[in-house]
Amino acid sequence: MADSATASFEAQLSPVLDRAYAAAWHLTRNAAEAEDLVQEAALLAWRGYHGFLPGSSFRAWFLRILTNKFISDYRRDRRRGVVVDMDAVPEFSLWQHSRASGMHSPDADPAAALTSQLDGEQIAAALDRLPEEYRLAAVLYFVEDLSYQEIADILGVPIGTVRSRLHRGRRLLQAELWALAAASGIVPRNPVTTGDR
Amino acid sequence: MSDSDRLSCQDAFARLDDFVDRELSATELERLEAHLQDCACCAPHFEFEQQVLDGVRRQIRRIRAPVGLLDGILSRLRAK
Chain A
1 MADSATASFE AQLSPVLDRA YAAAWHLTRN AAEAEDLVQE AALLAWRGYH GFLPGSSFRA
61 WFLRILTNKF ISDYRRDRRR GVVVDMDAVP EFSLWQHSRA SGMHSPDADP AAALTSQLDG
121 EQIAAALDRL PEEYRLAAVL YFVEDLSYQE IADILGVPIG TVRSRLHRGR RLLQAELWAL
181 AAASGIVPRN PVTTGDR
Chain B
1001 MSDSDRLSCQ DAFARLDDFV DRELSATELE RLEAHLQDCA CCAPHFEFEQ QVLDGVRRQI
1061 RRIRAPVGLL DGILSRLRAK
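Protein chains in written order, with the working numbering: chain A, 1 to 197; chain B, 1001 to 1080.
Extracted from the complex, chain B is given alone in its bound form (with noise of 0.2 angstroms):
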């Protein structure tokens, strides 16, 4: 990777939100990956930022459906 294709800090925080989101193009991840990579200060932030949503995401689908929805639905599928 050239000096020019190197992320600054400012750069990589741009592209923070698309990155725990995995939108990011190949190339765009590249050139993230390697920042983080020689960042001491911004590979413990992106870990962070990845982690509260991780937790959240894991709070969230904690829900399960009621035992028996499956079947209710089914049953009203086939009386109809």
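Next comes chain A alone, as it looks inside the complex (with noise of 0.2 angstroms):
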């Protein structure tokens, strides 16, 4: 391998390596796992690097390899192709919850109240819960700041499809979140389902 070569592949994959990282430990919550995976996707992105196209985003097209890579060998599809009934799943439950419960006060963060409290395990489990689609997703949009466009690129779906899961999945997290802080008591127990907005 030319050296040159090697330094211009490790100086575009030194900076993003920390978030594909997470990205690989959030989908596949394992350590050793994500470690293989992100290593497996660097050397298939080393073989591809003479098509990367110079000047556009290194770190998207280095986790479509990453993602593609996880989908073919590492996906489990214990929860692929789930069908959530969305008008079970409430709007807003996060805000609603939390007002009902008196969290609202006028000095109150209650929004920092909720996700400071969680550690990283916590929200890591809930966002675990979501339906498939919906969490390949959420990954991408949580790990790295991607445009719809950009994800629907990597998960090669039309953007309209990511819009949808990832509205839909913010609105399974918040359930998830706040049954996960009702549970480890940083909330109190008794969420009350309000139309109040």
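Since the hints were made in silico from the structure, they are not lab data.
Where is the CB? At the ideal position from N, CA and C, for every residue including glycine.
Certain hints may be false.
Said to hold, decoys possible - Incomplete in silico selection of chain A near chain B, CB under 7 angstroms:
1) SER14
2) LEU17
3) ASP18
4) TYR21
5) ALA22
6) TRP25
7) GLN39
8) TRP46
9) TYR49
10) ALA111
11) THR115
12) GLY120
13) ILE123
14) PHE142
15) TYR148
16) GLN149
Take the two lone chains and join them into the complex the hints point to.
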């Protein structure tokens, strides 16, 4: 391998590695598999590096390779194709529950109270409970500042599908987060469902 | 902005997800921001939704690649 090519590849890979590993960790939910996945994606990326368009987004290109590798070799498909009745999932459940629980006093910061007290593992567990199609889009969304179009390109689906999966996944994630927060005592255990915004 | 350009609260909420994802067009963004400036009901809710997403994002991004991962990758590349 030519040293200049290696140096160029390293310069591109190094700044995206933490986020790529975070994506791999959330996708596989296993540290050893995440490391293997990133290594294998990096080798594939290197083999295809001559096809990388200079000036385009290396992070999006690399994440596409990593995601495809995950889908082909690592995915366990346990929640793939799950049909969710979105009518049964309330909108804005964190807002509604936190208000009903009295967390919105004038000096309070209810969003921070919720998300800073849940630890990374709890949030990962909530993400992990999403149906697979929603989970993939959500991991890419939260790990990187990608546009809908970039996520659509990575997943190979239309932009409207990404938009729908992200919005629905967000609704489901909020319900999971509230349940986790209640189970861990961060918020009261008796969430109230209300139509009040 | 004319009255016909003004959004109702319902219109604003239909745009909430695209707003927090920075996917609104400049025109739509301007209309929504005008509504949020005037609406004491919607503004705190929009801010809350944005902060929840930011909080989740922060937690998810705390994960760092293991020390030595980059060197391990580069060693494998050089060995090929």
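Numbered hints the structure breaks, given as an ascending list: Hints 9 and 16 not satisfied by this model.
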